[in-house]
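With the sequences and hints as input, model every part of the structure.
In order, the protein sequence lines correspond to chains D and E. Start counting the first sequence at 2; every next residue gets the next number (this note's numbering). Start counting the second sequence at 196; every next residue gets the next number (this note's numbering).
Think of the hints as simulated: they come from the structure by calculation, not from any bench. The beta carbon of each residue, even a glycine, is placed where N, CA and C say it ideally should be. Keep in mind that the hints are not guaranteed to be accurate.
[What the hints assert, rightly or not] Simulated coverage check for chain D against chain E, where a stretch passes if three residues somewhere in it have a Cβ under 8 Å from a Cβ of chain E:
(1) 42-56
(2) 62-69
(3) 87-99
(4) 172-186
(5) 201-215
(6) 250-263
What follows is the residue order along each chain.
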Amino acid sequence: MITLLLAALLGTANASENFRMRAPKVAQLRGVGYTPADVKAEIEFGRGLAARILNTYPLVENPQLQRYVATLGAGLAAQVGRPELTFHFAVIDTPDVNAYACPGGYILLTHGLVKLLSNEAELVGVLAHEIAHVNERHVVKKLKLKGKSDSAVDGLGAMIGGATASFRVAIQTLNAQAMKLLFEEGLMSSEETDADKTAIRAMHATGYDVAAWNTLLEKLRRNLEAGQARVLAKTHPKVDDRVRLVRAFMKNNPGPAGRTNEQRFQRYAHP
Amino acid sequence: MPLILLALTLFPAWGADFYVKSLKAPLLPEAKNGVPPLSQLERGTKVEAGKPAGSFVAVKAAGQSGFINKLFLTDRPPEAKGSLLQQDIDISTKARRRASGFTSAAAARGLKEDSDEIFKTLGDDADGGAVKKVEAWTVAEAPAATFLSDPEAVLEGAP
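And the structure:
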């Protein structure tokens, strides 16, 4: 039985807090604010959200590109992702320029975005930005997703488990809210900025050229000025602010330029 | 993550324990990229953190002293995938420097039998088959990390 619940739909904030306090935790997750049940719920919800997106935008029929993105993404997630998750990556068939981080580690890049990229460093920056959203559980927090407690006496969990019709409506509502969040409203500007910071740090930590993130942002700027990437324009901070972040990081972290792996990127992504 | 980075920034002296979060973290002789690492620390390795230096922090670990990028550290032992979600990750490492090891769909998915329940709940609005396809493409961590770190690595079977 799926064990998601939405406190906003089915309970009050106080009830949610009580639930959180009673929920069992394993030692490794103690103190981070979520439980193994929350993680399982996050993964299940993320699978559903990814399925919803993939129902709208099919996968790009290019096995080599998909393998390349999946491999690079998994390698990056192994280094900077939440260790308790298995991340999944794919490219969806739409000319829009965007990427979507579903809870639980399901990350979907648009073909329009991939076509805009010139090298592996830019791709790593995009993947790291999306991994950061998953790491920080931005969508999970926004929707107040929690897992059902393993405790038999947990009242809210029992209510969910026993009310199939209500449960399904709640899941469908949550799913629709998540779609709206990703495709229309966007996350908070501060969350996008934090994801940018993590992306820059991840590029640096894994030896990629941080300047490539600026190159990508300049391409995004041209896209925006041409009236493209409308959703991204609506849901992300201004390019100028994002560029300033990169420059500040590079100023504080002088050193040899990292790699771009342009040749490998062109071989697999733009053959 | 920002709190961990903040903690690593504030610790002024030796003594704070952190753990390697990444699959492998290079222990560097200097606080900068581009220098050969002293060693590679495995995920879960406990380190004693010292003074921060930009994106790096001084650490002592396994009898060595050096620097690690803060992004690779966490303030608690990292959770293992297997113990949490009953996942069965296929670590297939055929040839060095080749990113092999696409997991099977079931292994990558790693969830219990009832995990398709979410697709049933969403009905015609969801393409669960496409999600399973994406999960089947998932690459095991070790070969994927090798592919990431080695510019000469190639995808197995690709032209």
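Consistency of the hints with the structure:
Chain E is given as covering the stretch 42-56 of chain D, and this holds because 10 residues of the stretch bring a CB closer than 8 Å to a CB of that chain, at least three being needed. Under a criterion of three residues with beta carbons nearer than 8 Å to beta carbons of chain E, the stated coverage of the stretch 62-69 of chain D is upheld, 4 such residues being counted. Residues of the stretch 87-99 of chain D lying with their CB closer than 8 Å to a CB of chain E number 5, which satisfies the three-residue condition for coverage. A stretch counts as covered by a chain when three or more of its residues have a beta carbon under 8 Å from one of that chain; for the stretch 172-186 of chain D and chain E the count is 3, and the coverage holds.
Only when three residues or more bring their CB closer than 8 Å to a CB of chain E does the claim for the stretch 201-215 of chain D stand; here the count is 6, and the claim holds. Proximity of the stretch 250-263 of chain D to chain E, defined as three or more residues with a beta carbon under 8 Å from a beta carbon of that chain, is established by the 7 residues found.
When held up to the earlier numbered hints, the structure conflicts with none and fits them all.
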